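Position chain X relative to chain F; hints supplied.
Heads up: the protein sequence lines correspond to chains F and X, in order.
Per my numbering, the first sequence runs over residues 10 to 319.
Per my numbering, the second sequence runs over residues 10 to 319.
It should be emphasised that the hints constitute simulated quantities derived from the structure, not laboratory data.
Because the structure is a prediction, the values reported are computed rather than measured.
Backbone N, C-alpha and C define an ideal beta-carbon position, used for all residues, glycine too.
Sample of chain X residues at the chain F side, in silico, Cβ under 8 angstroms:
id: 1; residue: 76
id: 2; residue: 254
id: 3; residue: 290
2 protein chains.
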Amino acid sequence: VTAPVAVGVDVGGTKLLALAVDADGEVVGRQRLTTPRADADALVEALVEAASELASGVPVGVGVAGIVTREGDLRYAPNLQLQDVALGRRLEDELGVRAAVRNDVTVALHGEWQVGAGRGSDDVVMVTLGTGVGGAVVADGRLIEGAHGLGGEIGHIPVRDGGRPCPCGNRGCLEAYASGTAVAALARERLEDGDEHSALRELDEIDGKAVTLAAIDDDPLALEVLRESGYWLGVGLVALVNIFDPEVVLIGGGAATLSAPIVLPEAEGIVAERILGADHRDPPPVRRAALGDDAGAIGAALLARDLAGA
Amino acid sequence: VTAPVAVGVDVGGTKLLALAVDADGEVVGRQRLTTPRADADALVEALVEAASELASGVPVGVGVAGIVTREGDLRYAPNLQLQDVALGRRLEDELGVRAAVRNDVTVALHGEWQVGAGRGSDDVVMVTLGTGVGGAVVADGRLIEGAHGLGGEIGHIPVRDGGRPCPCGNRGCLEAYASGTAVAALARERLEDGDEHSALRELDEIDGKAVTLAAIDDDPLALEVLRESGYWLGVGLVALVNIFDPEVVLIGGGAATLSAPIVLPEAEGIVAERILGADHRDPPPVRRAALGDDAGAIGAALLARDLAGA
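Extracted from the complex, chain F is given alone in its bound form:
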């Protein structure tokens, strides 16, 4: 086992995954803890514990779902029931090393870009499909962070004016069509609105995974729902490709693990048809991310290393 150069932690709503990586981005150590919620002190403590177990004296990177400023302040993290926590500064104080705290998708993209499916491209758009829809962009070799670290909120670009309600309070956001939650809701609505035959009628509870499994099993209603979801993902990607002209679009996140073979071709077709100058150019490929559940922690570690100038 080679020496770790950094530790990265992906703080999920229930579990916290910490990885030590070597200079090539290979994982050389792994820790998993339960995520403390609604308690900033306990979160800091858990992060310190996980990082200390894996290595000492190396930079620590952390990815958290929510709004995180460039300075590493957790502005708003609904999954953790936390807001306004100076997480980066507190970790630096406790650990005595450089800490980088960023949005979870930002660090996942950093990982995919450095050692995953975006390797070798300097212009990469990433969208993650999960409970919500996240996003991040590398443009000309640099992460888009925005003036206050609030950039990259791809899940909340409007794709359908006056459309479905989104957890953010608006209507018609990409997230309201492309998240796992949205897929489940779309299926439930169709089941209620019609009497179309579907295996989903037999289930007590319908989540995104159940819809995806039914679609893989050729259930027509489930297939239509996933294609609708892919359509709106495609509409969102048209905006992103017109804005960023990426070499590749990466789709990550748990909800895409099984649904990708149905959702991605649908989205890719819309992109190929509708981007500006579609007749005069090749559309970027829409590809699955490669690092799976490790992407966030690996990316957080590599980002911390890069920012520390190591």
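What follows is chain X alone, placed relative to chain F:
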């Protein structure tokens, strides 16, 4: 008059404006020529003539409406009826100086960012309202150009699925609602569809300017049309602010000159209401660009100087 450090040329569909600028971006020389169309040789000749009149031995920047690659190749310029012209290389060969050729809005933003309304901000989104809708973005101090120089096509982000037809061949693009052309078309459609009183009924031909003048004169139909246009501009800006988290949004272009006091507050209201985390943050101001018709030529000159490392 101080010495020019670069020459910039804004190639419009009918006129070509060439400016020499000094080290502070002040205009120290000015030339105006008719734009040759559908003739690449004549265009190169006109650019060489305009540049040579103003200065010699300094970098030359050029802004052209259309798709321009990073290498300065004019991929597709519908206004000039040209495609696939290696304009940058040809200018360098003829003039013996460094040449930078870019999209017209890209250079206009470079000008506004360096010496105009975006000065001092490293994160600026610019949208220009004219015959079409153009756009450009500076993120973290760098112009978004994309992997092939095709980025920044803000006019063609979808704002209304299945909406109005756009000159690009798709439907529901921002351009189909926010351009001067779109404003005129929206007014004509309303006049045809109803019998609402409007001063516009007296006119033989309705263009965007006529609608704006009527709106300024409190014509209710014209006001509604401009507010609708501002609404969709706002929807497009919600996407851009969520993606880029800019410090300021600049609106330029001829069609905004008069309509800004009606269109901008409408768009700004939508942004303030709908960006992610609207309750927890200040929306960026939506402001008029400052350099007017000179923005493109000034920006082209400064970009050429910057790229030449002067």
